[in-house]
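Position chain F against the provided structure of chain D, taking the given hints into account.
The primary structure of each chain is shown beneath.
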Amino acid sequence: MSIAITTQIICFSVLSLVILIGALGVVLLESIVYSAFLLGGVFMSVAGLYLLLNASFVAAAQVLVYVGAVNVLIIFAIMLVNKKEDLKPISDIKSRRIISTSICLTLLSLLIRVDLTNAWSLSNPQNSIGEESTIRIGEHLFSDYLLPFEVASVLLLMAMIGAIVLARRDVMSKDISTGLPVDQELIEKSSEPLLTNKN
Amino acid sequence: MEYGLDLEYSFNEFLKGFGLSSEIAHIIWLPLPMLLVLVAAVVGVLVTVWLERKISAAAQQRIGPEYAGALGVLQPIADGLKLLVKEDIIPAKADGILFTAGPILVLVPVILSWLIVPFGQNLLISNVGIGIFLWIALSSIQPIGLLMSGYASNNKYSLLGGLRAAAQSISYEIPLALSVLAVVLMTNSLSTIDIVNQQSGAGILSWNIWRQPVGFIVFWICALAECERLPFDLPEAEEELVAGYQTEYAGMKFALFYLGSYINLILSALLVSILYLGGWGFPIPVEIIAKFLNLPINAPFIQVFTASIGIVMTVLKAYLLVFIAILLRWTTPRVRIDQLLDLGWKFLLPISLANLLITAGLKLAFPQFFGG
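Line by line, the protein sequences give chains D and F.
FYI, the numbering for the first sequence is 1 to 199, going by the numbering used here.
FYI, the numbering for the second sequence is 1001 to 1372, going by the numbering used here.
Chain D on its own, in the form it takes in the complex:
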């Protein structure tokens, strides 16, 4: 066995272990902050797996999108609303757990089936594109995957408009959550600097 293959095997086992333990930690840990940080670790290890597969562009995109954007936003949200309060016990927790377990098991069996039925081995491993993949991904995004690409951008646009509507309540006459009319004056005032009112 050459040194390169040994290194690859060591890297692969370490990364897989980190992914498995990290993912379990995300689900099982009590503290939501730890879960969020562990999620970042899991995303990073997945990027490491992509690197092992010679897909460096996908790995960097994974780090940029999932760690740099998604995970940072999750942590941001947790820190802005991190209230220390005891949650109310849910009455029908047992049936809920049974439903969620069955859904997860169904998804797992689906994944296992895909794993077993798909032919994973490349017919010609020498043909792997490696560093060329950036160009190839771009070509695909602007030819045969154009529609999914554009639909994804529409989805993002919808999310953005929704966020703006939620954040700028002054454009609405009624509060979305309570249904009460919004006091426009208060919102206008709060955006002024505090010091100007002190005279």
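Hints were generated in silico from the structure; no laboratory data involved.
Simulated restraints, written as ranges between beta carbons of each label pair:
#, chain 1, residue 1, chain 2, residue 2, range
1, F, Leu1328, D, Ala69, 25 to 35 Å
2, D, Tyr145, F, Leu1328, 39 to 49 Å
3, F, Asn1188, D, Tyr145, 16 to 26 Å
4, F, Leu1074, D, Leu28, 47 to 57 Å
5, D, Ile3, F, Ser1056, 42 to 52 Å
6, D, Ile93, F, Asn1127, 52 to 62 Å
7, F, Leu1328, D, Leu80, 23 to 33 Å
Just so you know, these numbers come straight off a predicted model, no measurement behind them.
Ideal Cβ positions, reconstructed from N, Cα and C, are used throughout, including at glycine.
Chain F in isolation, oriented as in the chain D frame:
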């Protein structure tokens, strides 16, 4: 353009002369460039800290450090030693694990980004295909470390500083990436080597700064904001937040933040010089000098000359930018957080988007000037 010294090849050949296999030679070679870059980064920080102290002193009509070595050049080493032997304090109510992991997460991505900084045709650790994109991806990890240390300190000022740092670095990453994208568009490649080679045609005239003036300014502003330098040092604004996310840190953990921010500053300056100021290129092309001296371009003298002038030029350009950054720090006031976010989202983002569009249009219209 296949000239220049290939140190790795010669080193491996040298080891093979002792009867070692090429794999062993490769393994012996591997840590050397990493160590070299680590040393270069730390020495760069020491020089920058000394410059910062001296230039700030000059800006405020003081003398600055003068007793530690000639002109106080040993002052940064004294600073470092002081931090090294200081007691490592973890506050009683802080979260020990996250408190320790935070500074590490801030420093490691910055050092990893040095992977792609070229000092010459073959003088970089790894010419990875994704090049400059690797830096953008790695620099997006930093906010997690900042949020982590801000949260773990269990201190209101720290948490506010961490949140501000994350918000700032998310907002400024987008115009930064867009202005890099315009350069990549002209180069047809993400690799830093290709980006520099694309600018090496006619010396100073072919540098990207003439073709991307808007991109250059946007990139420089965003780089300063990413480094949390004044006028964008809101995360550690002393008058409001004590020291932001660094408030509870002492000793070596504080030193990690300190190192991280200065390494980041040097890295940003290096990347500005690579993307816009011709990287290792001399203002007069080496080919003309070789012709003037009547030497072939592959002559050993010319090769050594090219390599050394490359390193000198890269470092010189980077330190010129560091000098400007230090001058800016000691002469400009701090912006408010709403002004900061306004500048990022309402001014820099549209401008960099327009810059990208215009670059694409110019590339189609004048392919010989804007990379066909």
